[in-house]
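Peer 1: As a plain string of letters, each chain reads:
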Amino acid sequence: EAGVTQFPSHSVIEKGQTVTLRCDPISGHDNLYWYRRVMGKEIKFLLHFVKESKQDESGMPNNRFLAERTGGTYSTLKVQPAELEDSGVYFCASSQEARGYSPLHFGNGTRLTVT
Amino acid sequence: EDKVVQSPLSLVVHEGDTVTLNCSYEVTNFRSLLWYKQEKKAPTFLFMLTSSGIEKKSGRLSSILDKKELFSILNITATQTGDSAVYLCAATTGTASKLTFGTGTRLQVTL
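Here the protein sequences come in this chain order: A and B. Here the first sequence is numbered in our numbering, starting from 2 and rising by one per residue. Here the second sequence is numbered in our numbering, starting from 16 and rising by one per residue.
Each hint should be verified, as a subset may be incorrect.
Said to hold, decoys possible - In the PhoX-like style, the derived pairs of lysine-lysine whose C-alpha atoms are separated by at most 25 Å in a straight line are:
#  : chain 1 : residue 1 : chain 2 : residue 2
1  : A       : Lys79     : A       : Lys55
2  : A       : Lys45     : B       : Lys52
3  : B       : Lys55     : A       : Lys42
4  : A       : Lys16     : A       : Lys79
5  : A       : Lys45     : B       : Lys55
6  : B       : Lys56     : B       : Lys72
7  : A       : Lys79     : A       : Lys42
8  : A       : Lys55     : A       : Lys45
9  : B       : Lys18     : A       : Lys42
10 : B       : Lys18     : B       : Lys83
11 : A       : Lys16     : A       : Lys42
12 : B       : Lys56     : A       : Lys42
13 : A       : Lys45     : A       : Lys16
14 : B       : Lys82     : A       : Lys45
15 : A       : Lys45     : B       : Lys18
16 : B       : Lys56     : A       : Lys79
17 : B       : Lys52     : A       : Lys42
18 : A       : Lys55     : B       : Lys18
19 : B       : Lys83     : B       : Lys71
20 : B       : Lys56     : A       : Lys45
Source of the hints: derived by calculation from the structure; they are not laboratory data. No experiment lies behind these values; they were computed from the predicted model shown.
Go ahead and model the full structure; you've got the sequences and the hints to work with.
Peer 2: Written out as structure tokens, the structure reads:
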């Protein structure tokens, strides 16, 4: 079974530019999540999709971040325009069930560096 | 606000030692506690605990949850260099699917 895959693995952009991160969840997992770890801090929740619908986006930091999940399959997370504080590792995860009933499986993450 | 605290922040042990990692939580409407191991990239799932007092075991790793005292421990016996990693603890609630993570314990096992 293929795991959660994320692309790219690393992105370096200048402040003000746009970046789009992609996540392909495990096949059959309706629940898809985005998390972020900034330097020295804990991994923090950004949002949760159930199929193509946003179930919880309470962790999204501001309106420069836009997440989509077309057709309930892969998801993209766009940052526009990027700021220095957006630097960090962005993790995607997927699970079969929600609400703590089944574990989340994480991708390798995308390391975003904004200069 | 939901909170998960791990201790110690880091430790260095010799191969063959036994280690205990701690995780305490304050989470509204708690559902489950999860342990992950993160080496270089993806956190990999170790255990999911929902009931108090029932030990989960996988090889040299084991974990237990105490829902009265709101903590969990992860034990690793006969440590090996391959156990070197950051161990993450996270809690979930029954009302939302998001994980609340601790900052992790960095374990280094030396020869």
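Peer 1: Next, verify each hint and record whether it holds.
Peer 2: Evaluation of the provided hints:
1. A:Lys79 with A:Lys55: Within the cut-off at roughly 15 Å; holds.
2. A:Lys45 with B:Lys52: 16 Å, holds
3. B:Lys55 with A:Lys42: Judged against 25 Å, a Cα distance of about 16 Å means the pair holds.
4. A:Lys16 with A:Lys79: Roughly 14 Å separates the two Cα atoms, so the pair holds.
5. A:Lys45 with B:Lys55: 18 Å, holds
6. B:Lys56 with B:Lys72: 24 Å, holds
7. A:Lys79 with A:Lys42: Answer holds: Lys79 of chain A to Lys42 of chain A is near 22 Å, not above 25 Å.
8. A:Lys55 with A:Lys45: 17 Å, holds
9. B:Lys18 with A:Lys42: 13 Å, holds
10. B:Lys18 with B:Lys83: With a Cα-Cα distance of about 16 Å, the restraint between Lys18 of chain B and Lys83 of chain B holds, given a limit of 25 Å.
11. A:Lys16 with A:Lys42: Since the Cα atoms of Lys16 of chain A and Lys42 of chain A sit roughly 21 Å apart, the hinted pair holds (cutoff 25 Å).
12. B:Lys56 with A:Lys42: Measuring from Cα to Cα gives roughly 16 Å; hence the hint holds.
13. A:Lys45 with A:Lys16: Distance ~22 Å between Lys45 of chain A and Lys16 of chain A Cα, so the pair holds.
14. B:Lys82 with A:Lys45: 23 Å, holds
15. A:Lys45 with B:Lys18: 11 Å, holds
16. B:Lys56 with A:Lys79: Distance ~21 Å between Lys56 of chain B and Lys79 of chain A Cα, so the pair holds.
17. B:Lys52 with A:Lys42: Holds: Lys52 of chain B and Lys42 of chain A sit about 17 Å apart, inside 25 Å.
18. A:Lys55 with B:Lys18: 24 Å, holds
19. B:Lys83 with B:Lys71: Distance of about 18 Å is within 25 Å: holds.
20. B:Lys56 with A:Lys45: 16 Å, holds
Violated hints: none; the structure is consistent with every hint.
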